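Please construct the entire structure, taking both the sequences and the accompanying hints into account.
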Amino acid sequence: MDFRWWRQFKTWCRDHWLGLTIFWVVAICTGLTVYGMSKLESFYRNMQLATMPLWILVWLAIGVVNALVYVAIMFGYFSKQKTKKVRGDQVNIHFTDVIGIDEAKEEAWEVVQLLKDHARLRKVGGKILRGILMQGPPGCGKTYLAKAIATEAGIPFLSLAASDFVEIFVGVGASRVRRLFKDARRIAYGQGACILFIDELDAVGRMRGFAWGGGGQETNSTLNALLVEMDGIQESQENVVVIGATNAPEQVLDPALLRPGRFDRKIYVDVPNLDGREKLFRYYLGKVQYESSIDIPRLARRGVGKSPAEIENIIKEAALIATRNKREKVAYDDLSEAFERVDLGVKHKKSMNEAERRLTAYHEAGHLVVTYMLHPTDDVFKASIIARRGALGVVYHVPREELHTADRNKLMADIKVSLAGYVAEKLVVGVTSTGVAADFQNAMSLAHSMVWRLGMGSKYLGDWTMLDGDKQSQLSETVRSELNAETNQIFQVCAKDVEDLLTRERPILDRFAQELIKRDELEYDDIEAIFTEYGKSRAQVEAIGKSAPPGR
Amino acid sequence: MKRFGVLLLAALLASCGRATYSQDRVAESLIQLCKNEYGLKVKAQFVKTTLGVMVEVPGLIDELRKHAPDSIPEAPPVLIEGRYTQDAFDFRVVTKGSFVRVPRRLPDDDRPPREPSAPIKKLQQVSTAIMRICLSTDAPVEFYKLIARDPGPDHLDVIFAGHVLDSKRVQFYAISVSDLQSRNEISLRRQPEEIARATVFQFIRDLRTKPLSQLLSRYAAPSKRFGDLMPMISRVTADLNGEEEKILEEMEQWPVRQIEKDAVLLCVPLHAVGDPGAFLFTVQIQDTDGSLSAIDRLGTLSSLTSAHQHLGSPEHWGDSFYLEPLSLPVFLADQIAKRAMTEFKPVDPESPKAASLKLSTADEVARALLDATTYVVKSYDFKDFQEITVVDALKGTRWAVPAAELPLYQRRNSPDLKPVP
Numbered sequence: 080m081d082f083r084w085w086r087q088f089k090t091w092c093r094d095h096w097l098g099l100t101i102f103w104v105v106a107i108c109t110g111l112t113v114y115g116m117s118k119l120e121s122f123y124r125n126m127q128l129a130t131m132p133l134w135i136l137v138w139l140a141i142g143v144v145n146a147l148v149y150v151a152i153m154f155g156y157f158s159k160q161k162t163k164k165v166r167g168d169q170v171n172i173h174f175t176d177v178i179g180i181d182e183a184k185e186e187a188w189e190v191v192q193l194l195k196d197h198a199r200l201r202k203v204g205g206k207i208l209r210g211i212l213m214q215g216p217p218g219c220g221k222t223y224l225a226k227a228i229a230t231e232a233g234i235p236f237l238s239l240a241a242s243d244f245v246e247i248f249v250g251v252g253a254s255r256v257r258r259l260f261k262d263a264r265r266i267a268y269g270q271g272a273c274i275l276f277i278d279e280l281d282a283v284g285r286m287r288g289f290a291w292g293g294g295g296q297e298t299n300s301t302l303n304a305l306l307v308e309m310d311g312i313q314e315s316q317e318n319v320v321v322i323g324a325t326n327a328p329e330q331v332l333d334p335a336l337l338r339p340g341r342f343d344r345k346i347y348v349d350v351p352n353l354d355g356r357e358k359l360f361r362y363y364l365g366k367v368q369y370e371s372s373i374d375i376p377r378l379a380r381r382g383v384g385k386s387p388a389e390i391e392n393i394i395k396e397a398a399l400i401a402t403r404n405k406r407e408k409v410a411y412d413d414l415s416e417a418f419e420r421v422d423l424g425v426k427h428k429k430s431m432n433e434a435e436r437r438l439t440a441y442h443e444a445g446h447l448v449v450t451y452m453l454h455p456t457d458d459v460f461k462a463s464i465i466a467r468r469g470a471l472g473v474v475y476h477v478p479r480e481e482l483h484t485a486d487r488n489k490l491m492a493d494i495k496v497s498l499a500g501y502v503a504e505k506l507v508v509g510v511t512s513t514g515v516a517a518d519f520q521n522a523m524s525l526a527h528s529m530v531w532r533l534g535m536g537s538k539y540l541g542d543w544t545m546l547d548g549d550k551q552s553q554l555s556e557t558v559r560s561e562l563n564a565e566t567n568q569i570f571q572v573c574a575k576d577v578e579d580l581l582t583r584e585r586p587i588l589d590r591f592a593q594e595l596i597k598r599d600e601l602e603y604d605d606i607e608a609i610f611t612e613y614g615k616s617r618a619q620v621e622a623i624g625k626s627a628p629p630g631r
Numbered sequence: 565m566k567r568f569g570v571l572l573l574a575a576l577l578a579s580c581g582r583a584t585y586s587q588d589r590v591a592e593s594l595i596q597l598c599k600n601e602y603g604l605k606v607k608a609q610f611v612k613t614t615l616g617v618m619v620e621v622p623g624l625i626d627e628l629r630k631h632a633p634d635s636i637p638e639a640p641p642v643l644i645e646g647r648y649t650q651d652a653f654d655f656r657v658v659t660k661g662s663f664v665r666v667p668r669r670l671p672d673d674d675r676p677p678r679e680p681s682a683p684i685k686k687l688q689q690v691s692t693a694i695m696r697i698c699l700s701t702d703a704p705v706e707f708y709k710l711i712a713r714d715p716g717p718d719h720l721d722v723i724f725a726g727h728v729l730d731s732k733r734v735q736f737y738a739i740s741v742s743d744l745q746s747r748n749e750i751s752l753r754r755q756p757e758e759i760a761r762a763t764v765f766q767f768i769r770d771l772r773t774k775p776l777s778q779l780l781s782r783y784a785a786p787s788k789r790f791g792d793l794m795p796m797i798s799r800v801t802a803d804l805n806g807e808e809e810k811i812l813e814e815m816e817q818w819p820v821r822q823i824e825k826d827a828v829l830l831c832v833p834l835h836a837v838g839d840p841g842a843f844l845f846t847v848q849i850q851d852t853d854g855s856l857s858a859i860d861r862l863g864t865l866s867s868l869t870s871a872h873q874h875l876g877s878p879e880h881w882g883d884s885f886y887l888e889p890l891s892l893p894v895f896l897a898d899q900i901a902k903r904a905m906t907e908f909k910p911v912d913p914e915s916p917k918a919a920s921l922k923l924s925t926a927d928e929v930a931r932a933l934l935d936a937t938t939y940v941v942k943s944y945d946f947k948d949f950q951e952i953t954v955v956d957a958l959k960g961t962r963w964a965v966p967a968a969e970l971p972l973y974q975r976r977n978s979p980d981l982k983p984v985p
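Protein sequences, first through last, are from chains A and B. For any residue, its number in the numbering used here is found by taking its place in the first sequence, counting from 1, and adding 79. For any residue, its number in the numbering used here is found by taking its place in the second sequence, counting from 1, and adding 564.
None of these hints come from the bench; they were simulated from the model. Please note that a few of the clues may not be correct.
Claimed, not checked - Keeping only pairs whose Cα atoms sit at most 27 Å apart, straight-line, the calculated DSSO-like set for lysine-lysine is:
id : chain 1 : residue 1 : chain 2 : residue 2
1  : A       : Lys358    : A       : Lys408
2  : A       : Lys366    : A       : Lys395
3  : B       : Lys607    : A       : Lys118
4  : A       : Lys505    : A       : Lys597
5  : B       : Lys685    : B       : Lys902
6  : B       : Lys732    : B       : Lys942
7  : B       : Lys605    : A       : Lys118
8  : A       : Lys118    : B       : Lys685
9  : A       : Lys118    : B       : Lys732
10 : B       : Lys599    : A       : Lys118
11 : B       : Lys947    : B       : Lys732
12 : A       : Lys408    : A       : Lys395
13 : A       : Lys202    : A       : Lys89
14 : B       : Lys922    : B       : Lys959
As the list claims (entries may be wrong) - Listing some non-contacts, in silico: residues in chain A with all C-beta distances to chain B over 12 Å:
id : residue
15 : Phe88
16 : Val137
17 : Ala253
18 : Leu337
19 : Arg361
20 : Ile373
21 : Asp412
22 : Ala434
23 : Met545
24 : Asp547
25 : Asn567
26 : Lys597
Being a predicted model, the structure only gives us computed values, none of them experimental. From the three backbone atoms N, C-alpha and C, an ideal C-beta is built for every residue, glycine too.
Next up, the structure:
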């Protein structure tokens, strides 16, 4: 027999005991009042009724003040937390609404099946999942996927951020964890199961540390409480599934949290691939008015590495740009500008003198030419000498396709592109500027990684950074010096290559610089047109790239 | 929750619209209330806008005599009679001796209450019952009158009359209880029925001993010609046939009923002399004295003349009483007079205090009357008068103030009150 309705009724009564008590007290008092009033003579009854509204107001005011004081003191103002309790059917996000992350969806679907068939699972002797950890870059749909799991499984869904647990008072976080799980178990008792979604899990889930000054005790105690609630000594019969979401890598989280029995299922929610991006662009463009001529696959190719949140943001931004330009439909130009806004930032024109402007133009032209001619994977979409985000100019290049690894050639090309600005300035003006600082930092970081971590130097293999700690290094001076020398050699080789290229292609460099000075910005088509003028085409460049030796 | 609140409101409002005592049963409700809650037997009537109650209170006069020194300390130096005639308030003033005007001060309500005696308690219970009925009825009750009848040898009635509005004001603390008591009218009268009984008794006794002419001059009401009464007096003498004493022995059982303010019907059955009939005497009451205005011979006790058929059988006359309805102008006139009277205290001219006091004159009394009139008409929102006239009965001085000029006399620089030539 199914006693579920009885348990639901009991749960409901338990949840609403205060309201029920108040209701009955009010009902009885009201009944007695009505009875008493009916027994009064009409004059006295009318007199009571005439003064009753005033008394009600006075008592209400007193009651409100008393209740506020009571709640603040007795129910623990500090322990209150902002939990959003949502029923599964109220969330209403289905798997069909989750777009672009098909692999993660497949794993999530498996979880849904397990949650739905928990009764059968019990019969077999299996245990329901305790925890699911969703990892991945921000904005990829972790929360969305968790909601879809709740909707598909038809289970109530409690959601909050891990940072809500933490307060300055030690112990408050732990008590909140316990209260949250108590609520979840209560819901699970009535509804069969409950999903507890904790966003930004790394806020409390980081590896426990012990600082001298006692700092971190609150986080430790909160994490301990979470570990105990998820799989402590007391085994709970109710099905409470914890879904945690984090951007942080696994190494950051406490190992006790990740062991089987707690977060025993891990779903990696990555940025969407080309197909996923295309679906996402179609989906979000479907929510705005857009021109039918927009090439969505091209957008998808351009949006390499973009998360669903970023894609949505780009569409929203494009809609705003279209509105600003008094257009009724979003055009490709709007989308292009939206891409730039999101990636590069908002333009803000700085007044530069002619010399500085020329210097900046040559700097960016250098980056442009080297990227176009040497980079094996990236295309240049834009070059600009309009300031954005603190930089005086920018060359916007995007990978042609998704790549999950970078080989030596690509890293070397990245270093060369970074050094191109410096070389161009040196070639043209003779002195370089502070504008090369960021480029050098980038180039140096790459070169350092190549030699010290990735074994791309000529002599040493392995990850030498592990032995070279902040406080105490286990490397000898000789080894260190040689590793640095190799790093510098890569640097120098790349700089030499760039210098040779730019010297050889000086006319193109000058032409781009002039165009930038004249027009401030050059788009993809403009860039292609100029290169074509000088007999350079993309196909040629790619062919040269493929035939080049693997890299020194 | 919303529906619940609406239902509650509807229930309360539905119950508050209905008066507890409906207007067509207001007198019966009062009788029932006194009987059920206090175990008192009373008679009640509702005439025009006055609700009247008569209750027998044995020992009332003795009780009032005991408290007389407190309630009436001395004979007042100023006597004022107030009337309302032809849209004007008329006041006749009679002053005696030396007196001063003292600011009116009501006694405090927080005096420790005395334990009421049985007659007073009975009065209080009936008053409470009247109040409850007046406040919770939809009948247009404006005044209430409580006639407390002392069945003792003095045959006196104490009449308490008041305005229902004042009672409501007390409920809402607009006026104090002392103020309410000062607004109520209390008067004493000899029971009209007893006056009539005494008059007829004496008449029958004098039938044998006094000549007809004396009987006529003593007992004939001034309004009646002697010619109307003479044959009836003879008839009475003949029918009684010397058996007067037998008739007089049953004096206490004679049915009597007041039919007007100053007229009482008294029925003298003749069964003591072997006659099934009776004589019906109409007695005119004037103060404490009575005179005969008509004598009718009835064949049987229940064969009343057509003029009195509506009174029912004389055997049941004791179940009801006559209620003279009050009217607002008359009530206000009495109240104004009473207010003004209580503002004056006598002064012994021999006492040392008298030298330092400014003694009041009839002018002051007229002023006091104007002040009292202003206060009272404002309190009751009464505007149906054109003039206030005050007459000093001793000196014949007359003051007249139009109603429109009354506010002028309340200002700081009020005009002098000049007598009318």
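Hints versus structure:
no.	hint	result
1	A:Lys358 with A:Lys408	holds, 20 Å
2	A:Lys366 with A:Lys395	holds, 10 Å
3	B:Lys607 with A:Lys118	holds, 25 Å
4	A:Lys505 with A:Lys597	holds, 22 Å
5	B:Lys685 with B:Lys902	holds, 26 Å
6	B:Lys732 with B:Lys942	holds, 17 Å
7	B:Lys605 with A:Lys118	holds, 24 Å
8	A:Lys118 with B:Lys685	holds, 25 Å
9	A:Lys118 with B:Lys732	holds, 20 Å
10	B:Lys599 with A:Lys118	holds, 18 Å
11	B:Lys947 with B:Lys732	holds, 21 Å
12	A:Lys408 with A:Lys395	holds, 12 Å
13	A:Lys202 with A:Lys89	holds, 26 Å
14	B:Lys922 with B:Lys959	holds, 21 Å
15	Phe88	holds, 20 Å
16	Val137	holds, 18 Å
17	Ala253	holds, 37 Å
18	Leu337	holds, 48 Å
19	Arg361	holds, 47 Å
20	Ile373	holds, 52 Å
21	Asp412	holds, 55 Å
22	Ala434	holds, 77 Å
23	Met545	holds, 67 Å
24	Asp547	holds, 70 Å
25	Asn567	holds, 79 Å
26	Lys597	holds, 72 Å
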